[in-house]
Structures are given as C-alpha cells and as structure tokens.
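What follows is each chain in one-letter form.
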Amino acid sequence: MAKSSQIKRINALDSYFTNRPETEISSEIDFRLIKDTKITQIAIWPETISEFQKYINTQKITGDFLHPGTVCHIENARFVRVEPLKWWLLNDENDLFQSMSEDIAMRLDLSHSFVQLKISGKNARAILSHHISVDMRDAPFPINKLVTTSLHHVGIKLWRAQDCWYIFMPRSFSESLWQLISKTAERYGYLPK
Amino acid sequence: MTAIRLPRQSSRDNQDETISFFWNNKKLKARKGDSISSALLSNKFQIIGRSFKYHRARGVTSAGVEEAGALVTTGKGAYTEPNVRASTTELSEGLFVYSQNAWPSVRFDIGSILNLFGRFFAAGFYYKTFMGKIFTGKIFRGIPPLEWGRGTGIWMFFEKFIRKAAGLGTASRLADPDSYEHLHTHTDILVIGSGPAGIQSAIQAAQTGKEVLLVEQDYAIGGTYLSWPDKSEFKTQISKLNKQNITILTRTTAFGLYDDTTIGLVEFICPEERAQKPLKPRQRFHICRAESVILATGALERNYAFVNNDLPGIMTVSSARTYLNRYQLLVGSNIVISTNNDSAYEAGLELEQAGATVTILESREQIGELLLQQISGRRINLYLGSAVAKANHGVFSPCVKQIVMARKTSDGWRQSGSLSCDCLLVSAGWSPVIHLASHQGCPIEWNKENACFISSGDDKSIFFAGSAAGIWQFEDCIQSAPQVARKTKKAQKQSSIIGGWHTDIEPLYEICVPAIKGKAFIDPQHDVTASDVRLAHQEGFISVEHLKRYTTLGMATDQGKMGNIIGLALMADALNRPISDVGVTRFRPPYTSISLGALAGAHRQSHFKPIRRTPFHNWSLANNGVMIDAGLWHRPWYYPKQGENLQDAYIREATITRRSLGICDVSSLGKIMIQGPDSTIFLNRIYTNPFAKLAVGKARYGIILREDGMVFDDGTTWRLSENSYLMTTTTNHAAAVMARLEELLQTRWPELRVHVTSITDQWAGCAIAGPNSRNLLSEIVDDPSEISNETLPFMGVKQVLLQTIPCYIARISFSGERAFEVYIPSDYSHAMMQFIWNKAQMFESCLYGLEALGTMRIEKGHVTGAEIDGRVTIEDIGLGKMASQNKDFVGSALRNREMLTSPNRPQLVGIFPKDKHKKFSAGALLNEAGKTKGHPLGWITAVTHSPALGHWIALGFIEGGLTAVEDKHIVLSDELRSIFLDVEIVSPHMYDPEGTRLHG
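So the sequence lines, in the order shown, correspond to chains A and B.
Going by my numbering, the first residue of the first sequence is number 1, and it counts up by one from there.
Going by my numbering, the first residue of the second sequence is number 1, and it counts up by one from there.
Bear in mind the hints are in silico, worked out from the structure with no lab data behind them.
Keep in mind that this is a model prediction, so the values were computed, not measured.
Treat the hints loosely; a few may be bogus.
Just so you have them, the derived chain A footprint on chain B, three or more residues with Cβ under 8 Å [stated by the list, open to error]:
(1) 223 to 231
(2) 600 to 608
(3) 798 to 807
So the derived list for chain B, only partly shown, Cβ under 10 Å to chain A, looks like this [claimed, not checked]:
(4) Thr208
(5) Lys210
(6) Glu211
(7) Leu384
(8) Pro750
(9) Arg753
(10) Thr757
(11) Phe835
Idealized CB from N, CA, C, for every residue including glycine.
Please construct the entire structure, taking both the sequences and the accompanying hints into account.
Right, here's the structure in full:
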C-alpha cells in the first residue's frame, strides 16, 4: 500500500507555474501559486459566540478576530471572519479547533475548494483593478484586510498582506480566471511560463 | 467655403510636423495635431458626407461632439469604424477616412435624387406607407400608390431597399481584431471637462487634500482655452494643475452617470502609443466610483432653423473660432455671422483680424455699448434685427454662396435682401451639457432668461461648474469652481450666477418667411425638419416622448445635442405653451457613442463567460475525452476510440458499462455541506420525503419543491455524522439550490442552528458503474471488506481510505447498474483517477461521458433538467409517493391545488417507435392519430438510441399518463424535420424495471 507522502496534491494551476526560486521575484509583477493551502472553516451560531470568543481568547491571537475581514494571527495560522458566522483558519497545522464541541462551532475542511494565488510587484494593484471592483487604495483597503468580492462574476476572496495580495479562487474556475488575469498581466510585462 | 491654413502661432512643436492620411483613398497631408475635420478643411474638402434620408451634401458643422454633418468611416477591413465624428477624432499617420452614405462619390451621389422627392418622405412616411393601413371606405389599404400594402408584410419586402438607400456608415462584418479592457477606478472627486471651470475645480479640489481625477474627452486638455488666441491664462492654469496631485485622463468620454456616483468612462488609447506597445487595448472602459462628481462639461452652441441651414459651409461660430485658434485654419474669407447673443462678437473680431471680411446679422434690435465699441473701426458690418431666412448654394457647388436676409418687423420676419458669402456662422444660444445629471434624475429646469435647460445637480454628490451650469462669462466660470470644490466637503448651497450676457439673449429657434420655401433642419443627422415637428403636432404626437419617436428627433448618436431645444420650441409654439410646459426627455447613456467592444472588455471569445473545469478535466483530455458545455462547466461528452463518431462512442460506452464496467466524471454535481444540530429538522422541511430517521452512513434520494408545488431539484443526501449531511444537487441547479437554502435559513427559519456551505469544488466525483464495479473497488480501497454488499448496501455511504487518502464511497446509481460514487479530495483526483483507471484495465472497462450517461438514464426513466423544467409536479414525474402525507415541507400546501392534482396533467412516459428502425428527436409532439393540429397531447423531452433495447427510445410527457392513452393510436409529429411516425407509449422504466441489476 502506498504511503500518503507518495501522493502529492496537484493544484489546479500547477501546469501554469514553474518552481521558480523565491529570489526570482519581479519588482513589476510577480505571481506565485501557493501550494498545499489548508483552509478550515469554523461556523458558529449567534447564541454560541460568547463561548467561541472565550475559547479564542485562550489562544495566542493578534488582531480583532470579531471584526469582519480582519486577518489575525493565531498561533502560526491566520484567522479571519469571512461571513457573519463563519471564520477561515488558514494553514493551521495544530488543529486548533479540534476539541471544540459541535454545539459551539462546526468545522469544515475547504483546503481543496480554493486555489490561492500570491500577487506582488508594483503593478499588482493595477492588474487586479482590471477585474476586481473593490476600492484597493490604502485607506479603504489596509494591510491584513480580506474581502469577498467577484472576479469575472465568480466569488473570490482578496487578502492584502504586508507586501503582496492573495486571491482565493474556487478551484473549478481557477484556470479560467488565471487565464484572464495573466492575459491582463502581459500588458504590464508579465511573461507567462 | 474655402478654408485657408494660416502660419502657426503657438509654440507647440508638433504643429509643424506633417502627417499623411487618406480621404476616400486619396493621399493627403495635414498637420500633426489636426482633427479629421481640420485636415479635410485645410485640404479644401467641404463635402464630407451625405445625409441620412435625403442624401443632401453635408460638411463640417462644428468642432465638437455635437457634429451632425461630418460623420465619416475610419479604418479598413476589420478595423472599419463607421459614424466617427470627424470634428473630434485625432488624425493619425496613415489613417484611412471615408465618406458615408454616398454612391458613386460624395460629390456626385445618385441617392441625392431622393432630395427631389423629399416632400413625400416626411416624418411618419414609413409607418403610413409600409406598416399602417388607411380606411378607404370598405377596406383598409396602404397609401397609394402602394395600396397593396398589408401591414408588416409589405414592410418586410421594402425594408431592405430602404435600408440600402438610407442610413449612415456600414460596420464591418469581420470580427473586431482589437482588444479592450475594463478598469475599476476609484477617486474622491471626479472632474469631467478640462475647460476653465474644470481645471479650476480640479485645482481647488486637490488643494483640499482630496484625490482628484480630471477627465477630458478631447485628445488635448484645455477645452475652451484651446479656442482662444491668447494662451497665457491657460499656461498659468496648467502650471498650477501640474503642481497638484491630480490624475488626468485625456481622450476619455464620460458617457453615463449611474447610482452612487458610479461613472462610465471610455478612454481611447492614443494610436501612436498602441503602435509602440501592441498589447495596449484600443479602448479602456473605466468603471469609476467617486465620492463626488463635478460636471464641468461646458455648453454647446445652437443652430436655428432656416431654409437650407444644412449646406456645407455653415457651422457654429465657436467652431470657426476653434479652427482658427487651435488649428490655424480660417474657415472663410467672406464670412456672415448670424447670432442672437454676445458670444459671437469675440469670434467675429478674431476672424476679421485673421483676414476675413465679416458681416454680423444680429437678431436683437439693440446690443450693448461695449460690443459696439469693439467692432467699430473694424471691417465688420453689423445688421441689427436681422437673421438668415435662407442659404443658397452655387450653381455647380452644393456649398453656401449666398444668404437671404430677413428683417424683424412688428408682424414677424420679412425678406430684406441678400448677401454673398463663402461661410455662414451661426450662434443661436447655448445649451449647457447636462445629460450626466439627467441620467441620475437630477431636476432640469427651463431658464427663460438664458433660453436653455439648466440643472444644479443633486446638492449631495453631483455638482456643476462653469458654462455647464449656465454661467457664460469667463470670470464667473472660474469663480464657480471653488464653490463647487467646497461643496464636495460640506454640500453647501450653490449661489446662483447663471447667465452673464451684457445684453440679454433673445430666443431664436426658427426664421420663417412666408415667401421662402424649403427644408429647414433642426436635426441634420436624421434629416428632421421644422415641418416634421409641425406634422407631429398636427397628427397628435405632442408629448415630447412621442415627438422624439415619431420624427426621430435627437435619436441615435446625435442625442439631440443641438436640435432638441429647437424641436421643443417649435412644439411649444404650435401648442401655444411655454417650453417649460412641453418638458424634456430624460437623457439615457451614452450621450456620445461608445463602442460595444469597450463595454465587453476582455470578456469575449474564450472569456465571454468563466469556464468551470472538473478536477478530472486535464486527465479526461489526456484520455481522449471530448468536452461539452453544461452550463458553465466543461464536462466529458464522450471518449472516442480511433475512427469513432459520437454515436459509435456512446453506444460502445453504454454497452461496456452495462456489460462490465464504466467510469464517469460526475464532479460537476452540486455538493452542499449541511452542518449543525438542527440539520435533520432542516432537511425534513426541505425534502418532500422523510429525512428524520436517515441513519448515519446512509444516503437517500430526495425531491425539493418550490413553494408553488412544482419540482425544483432532486439529488441524494448522505448522512456523514450526527450533525453533518452532504447534499448533492443537479449540476445546473447547484447555485440556485444553495441560494434557496441560505434564504430559507436566513429569512424563514433563523432559529435553526444550521450552516450550509458549497463544497462542490472540494471533492472530485467519479461514478464506477457496471457488474464489475465492486470488483474494481476491491482493488483500489485500502480495506476491501468495507465495500462488501453487507457493509456497503444499496444507498450506503462510507468513508474509506484510497491510497491512504480519506475518500467517500456511496453506493448509488444513476445508470441503473450496480454502481458506486467515489468522492476524492480534488487535489488528489488526478493521481487517484490514474490509479483507478490502471486497476480498471483488469476488467473489460471504459470511460463514459455525458452522452452515454444520458442514454442509460433514459433507459431507466431517471429524470434530469430536461424533464424537471419548472413546469412539472412530483406526481407528473411519477414520484408522487415520495411526497410525505405526515409532515409539512416546502411546497406541501400549494402542491394540492386543483390544477396540480388533476389526473389529466401530462405525466412522464416512455416512448417506443412502432417501427423499431425509425429515429426521431427531442421536441417532437405527441398527438392522437388524425388530430395532429392544435394543442398536442404531449411532447418528447429526451431521445436516445438504446444499446440495451436495440432501437430509439424516448422520455416525454403525455396527458393522463400511460393509462390514459393505452387504447389510443398515438403519433409523433416533428414538423420542423418532417418526421411523422406511429409510437407506442410505455412505462418510463424501459430497462430493468425491477431493478435487479441495481441491487445485484
């Protein structure tokens, strides 16, 4: 029987990206495919929010996790409220909510549902502006903000990190959306693989 | 009119550069920076096009977007762009420009013969002659000599000839080779227009710390400044502008103002820039969102109606000034100016100074002392109380050569002599450009003193500055800007400084002298005359909306920029009411035409819609899969072997699957995770059948109804744990079901502790069907004992390990065979499918696509979207027993309505041709023999050739169902394909009705 390590996850956009070293970053525009993304959805109910809050406060967390769209650090993972009663826990290796009762919150693995793309470079915002309608200027869209928006009518999540942007695209649409984005990026000097 | 190119006066370097272009394939030279109009005028071309209906010669009438005469076609082949305004289009090197609506040439146009019969082509001609009928005493007939007219039939015949004779340019039928793009732009303040008020508004707004975007539709910033001889003020303002943090977009048209100050902007990319960077788009559609919009859109100078006011050589006064000071082009040497306001005098002085002889016909009896002083001692003749009654062309030239004057008397205008001239300039007042505010429903009021419509915006986020607000004097325009800029912060009430003429304007809409006959145009682009407006009044089309549609006044690309007010004034006169009572039509975007390509942006061809690919997509392609669109999804259709067509392939695939083993990609089925302590209650309310006692590890087929009792969707739902269910939906209805569940939870049953989440993309699904399906599973699961008949019975669900990866296996079947659906985390699907397929080679096996899937489901009588089309009840599809009598569910009340429970409703049946060699198609109708006309008894929804039965079969609906037609002779009729055959109505379960194969 094969071991789990023998079967690698294959991202929907794997064929579009080479394994370039991190040092080979274009200052104009750079795209990276984030592989093996781990997304856990935590869903609660209005009457369980105080218990949920108590549990979170026992963790090492930075930022206002109750504020919609604010990406917080929790242990080594990221935690963000994506819907009124739903949070995303990103790249949680410690299974932080494993012990939480289903009476308080329900967990759901969405790791294979989305393709995570990292976009950096001075033209990143300009390229995204061709397809995303949200106001990405500094004041309305500060660092560590995440919004749910649309790209070519498809619901996506857009996260502004310290020096880059991340978009989470539904896996089934990701190839179509990537072709659209990369075509736009070519006008800004991006050379696809 | 013979335009004279003057030496360059400005210091702009590129004005000296010469570029080449082609006019009707003749190579000409012009100055860099020229518009097409200025280039043609400088090359002594006065006839630019032919009019829409009468094929009258038309020349340049303006220097802006209000141009109605100089409409041309640019480009060749696929790059052809018709109806381009020559006045606003920048000339580029090698540009091909063509005249329109003329044959064989624009100078000698055969179509101009129509002008001779112009009196027959008045407004309403087409309706009356070709579409309507008149009552002739006994019968209705068309107008003689076309009395054979019979409603639209005759129009259908003549339409092609009329369209050939009338019209503007012709679009290319080739695909547009250019690219376009969208851009979402955000700013604090958007200033539209870069004239004096616009520039000042932008500077003032930027000084408050706001982010400012200034857009200008021209290819040069400056607006009115560009038409002035002295550029010192302009340079000062530009210098101030450049010191501020202001983004400037030239060649950018603001074509529409939408809710929440969202503005549609189309930016034309400079041809030279595109030549250097081929990836640049031709046009860029900015969807601009601003906190506030300042409309510094200026005002358009108006014409007035007099006979032959459309001759080449007649243009607005301000445009002559623009050609003089911007393009160094003197439009004539013997110029007559006809005006009713002060603005024309400055232009008259400049034209005289440039060398022309100028005569001013002033409709007012008196003008201010200041104006008199300015023209005294100059070669300017002034006729007070005078206007133009008619323009005459030369014997061999259609261009203006002489004007007939009219003198104001106590009882109207009287002919008073004539003047020769080579150019006639007209200024009958100014119309502020208020269309953008009109789009948002801002109040528009008639300002009697200034004879124009004025809007003051909405006092919240839409503001006016400069002449767009009806402010005429330069200093007042500049003053209006800071007030607007402050208002964007505090929304203060704007103080009124509207107007500003030294001598009041005197309204001038038409000069009508009884003895002078001819066409006086109010909308030259559509050949709408003053007589047409009177005819509309005479025939009762007095509403401004009816006037527009009856006469075509202000339609299409013109949008009534110059003619609307004249038309309204004439209608008001006919009604003996003030203009304010006649009203104004609400402008609709776009005010100036924009290309459809810009609106489409990059969303064309392969990106017309987003495409969904299943996790097995690339694997399927690598294994010879042929894809088909299924909504947004690309699904494997069939997997042809060498030399096989679709039919060969799907028959083979279905046959092998029934005989041994087939594998099918079913990833596109909707998958919704339902979680929470109240999930069971929720599902019990959603589905018609009971879900309260569904055990963990079991699946159940369910039907969801709409509130009105009709079937909404179907699918299986799997209980994965005490509080978690996995619901599957049809591919096409996945999003609708998800939205429906969310709506119910949020609005009807917010007390339920249930969450729903789409997990369609999380799992790749493949169906493994056929007698050998369990044998294959035994080879691929880590623990084969988990999938035995006992541990995984029919409708059982289990989480198992495949290659150590946790997957779900459900024993469910759509094909009617023993079958399993295997759900694999998507990122593992490619490797896992290869693993499964390798193991499948141990058996006779195949991959099967949507076509074979459809064949097998038709054989079994399983319904899909073809049957569940929104018009059927659960009883209609033969599943009435699934509607519980012991609980309430969505749709349970309304499904009991009388019409929905009638036994005569069409019900699902199977259909066999009596002659088993016959073939037929979906969409055919079912009738009783001898009664093939009228309402049918039923219809066919799905057809296939059944490999299992050896002939064509179908599913469909027939009134009363199988029992009602058992003793009837039913025929199938397909009128479109001329197929008529006898059929046998059978049970929809046409293959293995007992389900022995399914449970085996």
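Hints, verified against the model:
no.: 1; hint: 223 to 231; result: violated (count 0)
no.: 2; hint: 600 to 608; result: holds (count 4)
no.: 3; hint: 798 to 807; result: holds (count 3)
no.: 4; hint: Thr208; result: violated, 16 Å
no.: 5; hint: Lys210; result: violated, 12 Å
no.: 6; hint: Glu211; result: holds, 8 Å
no.: 7; hint: Leu384; result: violated, 58 Å
no.: 8; hint: Pro750; result: holds, 9 Å
no.: 9; hint: Arg753; result: holds, 5 Å
no.: 10; hint: Thr757; result: holds, 6 Å
no.: 11; hint: Phe835; result: holds, 9 Å
The structure shown violates the earlier hints numbered 1, 4, 5 and 7.
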